[in-house]
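*Asks:* As a plain string of letters, each chain reads:
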Amino acid sequence: MNALQCLQSQSTDIFTEYVRDWKEKGGKVLGYACVATPVEVIEAAGILPYRIKAFGHPDTELGDAYLARFNCRFCRACLQLGLDGTYDFLDGIIETNGCDHLRGMFENWQHVKGYEFFHYLKVPHFVREDSLDYFEEELSLMRQAISKYFGVDITDEALLKAIKTYDEIQGKLKKLYALREQARPAVTGAEVMQIICTGSSLRGEDFGALLTGILEEKANASVPPYRARLMLLGSATDEIDLVREMEAQGALIATDALCFGSRSFWARAGGKGDPVRLLAERYLSHLFCPRMFTEYQERWDYILETARRANVDGAVIVYNKFCDLHGVEAVSQRMDLEKNGIPVLVLEKDYGSQADTGRIKTRVQAFLERIGG
Amino acid sequence: MYFAGIDVGSLTAQAVVINDKGIKSFKSIGVKPNPVDSAQTVIEMLLSEDRLSWNDIKFCVSTGYGREQVQARGLAQDNMSEISCHGLGAFWICPEVRTVVDIGGQDAKVIRIGANGELVDFVMNDKCAAGTGRFLEVQARTLGLALDELGVIALSSRNALELSNRCSIFCETEVLHYLQRGHSKADIAAGVNRAMAERVAALVRRVGMENEVTMSGGVAKNVAVRAELERILNIKLVRYGVDSQIVGALGAALIAKRMGG
Amino acid sequence: MTAMAAHELKEYEGLINRLSQVVKLSDAFPDQMSDEGLEGILHFLPSNLAGSMRAFLAPRIRDVSIEILKTYGAWLDSAFRAGEEGKKVFLIPFNFPPEVIHCFEGAWPVTSEVLSTLGVASLEGQGERYWDYAMGLGLPDSACSANMIEVGSALTAVDFKPDVIISDCLGSCDINSKTHEFLARYMDIPLLFLEKTVDNSERGINQYYLYFKTLVEEVEEFLGEKLDEERMREVIGNANRASELYWELWDLHKYSPCPVPNIFSLFLYGIRYTMWGTEDAVKAIEAMVDKCSERLKKGEYPAEMEVARAIWSYTSYYFDMAGFFNWMEEHGITHLGDGLDLFFPQVIDTTSRETMIRGLAEIARNMPMTRQMGASSMSVQWLDDIIWATRELDADCVIYCGHHSCKQTWSGASVMRSELMKRTKIPTLILQGDSWIGRMTPMSALQETIEEFVNNVVKQRRTTVRAVG
Chain A
1 MNALQCLQSQ
11 STDIFTEYVR
21 DWKEKGGKVL
31 GYACVATPVE
41 VIEAAGILPY
51 RIKAFGHPDT
61 ELGDAYLARF
71 NCRFCRACLQ
81 LGLDGTYDFL
91 DGIIETNGCD
101 HLRGMFENWQ
111 HVKGYEFFHY
121 LKVPHFVRED
131 SLDYFEEELS
141 LMRQAISKYF
151 GVDITDEALL
161 KAIKTYDEIQ
171 GKLKKLYALR
181 EQARPAVTGA
191 EVMQIICTGS
201 SLRGEDFGAL
211 LTGILEEKAN
221 ASVPPYRARL
231 MLLGSATDEI
241 DLVREMEAQG
251 ALIATDALCF
261 GSRSFWARAG
271 GKGDPVRLLA
281 ERYLSHLFCP
291 RMFTEYQERW
301 DYILETARRA
311 NVDGAVIVYN
321 KFCDLHGVEA
331 VSQRMDLEKN
341 GIPVLVLEKD
351 YGSQADTGRI
361 KTRVQAFLER
371 IGG
Chain B
374 MYFAGIDVGS
384 LTAQAVVIND
394 KGIKSFKSIG
404 VKPNPVDSAQ
414 TVIEMLLSED
424 RLSWNDIKFC
434 VSTGYGREQV
444 QARGLAQDNM
454 SEISCHGLGA
464 FWICPEVRTV
474 VDIGGQDAKV
484 IRIGANGELV
494 DFVMNDKCAA
504 GTGRFLEVQA
514 RTLGLALDEL
524 GVIALSSRNA
534 LELSNRCSIF
544 CETEVLHYLQ
554 RGHSKADIAA
564 GVNRAMAERV
574 AALVRRVGME
584 NEVTMSGGVA
594 KNVAVRAELE
604 RILNIKLVRY
614 GVDSQIVGAL
624 GAALIAKRMG
634 G
Chain C
635 MTAMAAHELK
645 EYEGLINRLS
655 QVVKLSDAFP
665 DQMSDEGLEG
675 ILHFLPSNLA
685 GSMRAFLAPR
695 IRDVSIEILK
705 TYGAWLDSAF
715 RAGEEGKKVF
725 LIPFNFPPEV
735 IHCFEGAWPV
745 TSEVLSTLGV
755 ASLEGQGERY
765 WDYAMGLGLP
775 DSACSANMIE
785 VGSALTAVDF
795 KPDVIISDCL
805 GSCDINSKTH
815 EFLARYMDIP
825 LLFLEKTVDN
835 SERGINQYYL
845 YFKTLVEEVE
855 EFLGEKLDEE
865 RMREVIGNAN
875 RASELYWELW
885 DLHKYSPCPV
895 PNIFSLFLYG
905 IRYTMWGTED
915 AVKAIEAMVD
925 KCSERLKKGE
935 YPAEMEVARA
945 IWSYTSYYFD
955 MAGFFNWMEE
965 HGITHLGDGL
975 DLFFPQVIDT
985 TSRETMIRGL
995 AEIARNMPMT
1005 RQMGASSMSV
1015 QWLDDIIWAT
1025 RELDADCVIY
1035 CGHHSCKQTW
1045 SGASVMRSEL
1055 MKRTKIPTLI
1065 LQGDSWIGRM
1075 TPMSALQETI
1085 EEFVNNVVKQ
1095 RRTTVRAVG
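Protein chains in written order, with our numbering: chain A, 1 to 373; chain B, 374 to 634; chain C, 635 to 1103.
No wet-lab data here; the hints were simulated from the structure.
Being a predicted model, the structure only gives us computed values, none of them experimental.
Errors might be hidden in some of the hints.
[What the hints assert, rightly or not] If you want the footprint, here are the derived chain A segments under chain C, 3+ residues with CB under 8 Å:
id, region
1, 21-31
2, 79-92
3, 117-124
4, 308-314
5, 324-331
[What the hints assert, rightly or not] Dumping the calculated BS3-like pairs for lysine-lysine here, alpha-carbon to alpha-carbon at most 30 Å:
id, chain 1, residue 1, chain 2, residue 2
6, B, K431, B, K630
7, C, K704, C, K795
8, B, K630, A, K361
9, B, K394, A, K361
10, A, K113, C, K1059
11, A, K361, B, K431
12, C, K704, A, K113
[Unchecked claim] Partner residues aside, some chain C positions facing chain B, computed with beta carbon under 8 Å:
id, residue
13, D766
14, I823
15, P824
16, G838
17, R1073
18, V1091
Glycine included, every Cβ here is placed at the ideal spot set by N, Cα and C.
Throw the hints in and build the complete structure from the sequences for me.
*Replies:* Put into structure tokens, the structure is as follows:
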């Protein structure tokens, strides 16, 4: 089985074979939700950093007993899996104040499950010297907390090694994006999302090795014919099926600015010096998330650069119902993209809803007809 | 040389046959549970009435529900979204139209078209009953009126009552309250139509509006909703010279002509 | 979109423009107005406004209401004259203490959510058209109407435009912060930013103080004006006096039947979020305290008996304005206050600039929403605050308004209900609706649900019937 096939065989499992093996060998797993979490610290502790996901899980009965139907369904779905035992392999959780819905999710999860290790990494909403200082201190506290609880010394050397590992991953992911964005794309959007989602459940060293295999396999590949090249932006969405459905209409997702996509790695590399400070600067300064209330310009520059690099014919902004951060951001993004000659389709979606996937097909088809695809 | 379009909606299915001279014929039927069966029935009935055979149809395009399956069954050579089809159909009937407001039984859409009938932008509501024909059905039933009476009776009102327009369930409760308090059906109906029009206007605003504006779909037959929409948006709706229900199928046929002609 | 909005609006419209004209009506009101006089005025007003005024000016609260209206009038009027007087207008969220701005000679605060609430009370169509404009631009309908009504008006470009926006970032919920960010960019005006760390450890509080000082410096730079210690002392002196009066009102709430009219809950935070730090605010609250003391002495209560004492755990409903508050107390349901009344005012040490700024920072981090959002667990903080309030004020039920856009409280509402019952045996009613717009849940449905809750749950639990007198 080649690397991509291996990926596909467990791509939408939460408790994958990989995690099962890891646990059986005595390995520890820490769950986190947000790309503001420097996974290098967890990696350096010899722990598996596991990004909490739901892969469009449709049932939220338990989650709804705590969160409300006015809360984001991605969070309700993750909470569901947290409460129904699916995430019982976690040895602890790192909370981040990504958004109000996530905070609610974490608070209810901890209220019910009561993890012994439940650490709050407090992420500022803006970038300035004093907020960077605060975040650096937060990372130190996170490092100390992990060290103390799991009885492991996270040395600077271990941290620098982990940083190097993720720098290499970043380099490989950029090569992967070059393959998808080139004039004759070699990778589809669904495949990339699958790779990134899977990677977020692996130790960095293993993800790096997997990527090497994938890059080799895909070097001379090509995707099926398509009608138009699109960029996908928006809310945390790990719904690979959604991307597949869009691509089945002929809309190749040639690039993205997604949380389970380029935003999780793009600008984080380079720099020297104290590893904790380095991580603080990388993670906070390049957190391309609408929760960063004073950084729109930087986000916009990154989106435009991505769209131009991939030579897209249009952009689709998908956001989860009740996601106010992306819902409001979408208005500015749409206006700015259209000002720059890039047609936009904005889709508000109910996460995990099969019926919504059907509705989206109609809209995507109409959008493709509109842009002449 | 003939071209055909098939449009399967939530309540009715339409077929239109055109040639170089224009619309040759059209047909509308109530839908069957399976959209492919609906499509097959309506087109075969039309062909039979016209004494045409499938060989006379050079190209056919399907749209609406199950359009891909209709094509897969061999009843059409291609499929297009109902959005593009509605836009083009409306443009053909009235080339001045730039905004099409289509409110059906279970969904609503507003379509902006360009100077050549090309799709410029669109917005849809196919999730929430409020703002679709379903909203009016529920309220009409509560008032004990037939759907086609709802608009007419409202015209005699001088005091449209305030009603919630975000949720048809709450609106139904409010209608009952007003009935219990002795308000006239005319005033309540006027409030219902106004709430409906406000919801439609909200959809129009999302995509922007350019004159001329037209309205199609089952709800377009409600004179009071039309009047309220005109008042809210400060416009005069252009009226079609043909049954607005066939606009989607007409657009599909026009696209068929473009593709196969 | 702007072209379409402008087509539908006239120049004199826009939220601030229109509100300042409406509230100016109160200039013509005598301090003591008769029922006939009131009906005479109402006869000339549009129906929405007449309805609100009728409720606002109910005989039992009329004199205080007139005082409050005049206070709002002064607030809006000053915003209007600000330009002529060389002042800059700051658009602030409700959870940012306006007295900070009042400390500056060259500045005047206008508060987004108070504008929206006043708009809902007094404008024809109750501000819904501004919501429609905001939705027309594509803003999500899960956004908060408290902000969207003001945003919609601002987007039409016919309204009065502020000079700068302060965002309380986190401290504010996501939608509040995001809205202010969006508005600043759309209107092309500066955005000043104050974050509350989700951290009430000593380190977290010190970090907040650092951010707060930086904000003050940014305001000074923007205005070209350094804070004057004497002016600060005067403004904070007024704020301190208002804080003392707040606690007097708080203590008056403890009596049963409650001598504090329901609508005073709204007046109190309306004043707090706009005029705190001014003499007008002190006068207005003094009037409220005097009225309550008088009612206590006379044993007055609008219903035959007080059947329920309710704390509203977050916002209330405003689209029926005073009508809703009055309706409740006419049915014996006391509104002891809501989450927006829990602003924990404290007296600030006015010894020096340093003590005053530190004091203001303390006040700012305890403002409603900031206090809960800025804690490491928003639900735990919220729960603690509500439990404390119910015990202090001897509440026998809690009502959660269920404002649809309030994602942070919705995420904790379920645990709040179960923990409240576990720890205090107090039942919670969870409603659903939009606090500012009636389209989501009509008032009749809300009233029916509240009545059922009070009659079937709360009344059965009360062991003593509290009769008037």
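*Asks:* Name the hints, by number, that the structure is in violation of.
*Replies:* Going through the list in order, the structure violates hints 1, 2, 4, 9, 12, 14, 15, 16 and 18 and respects the others.
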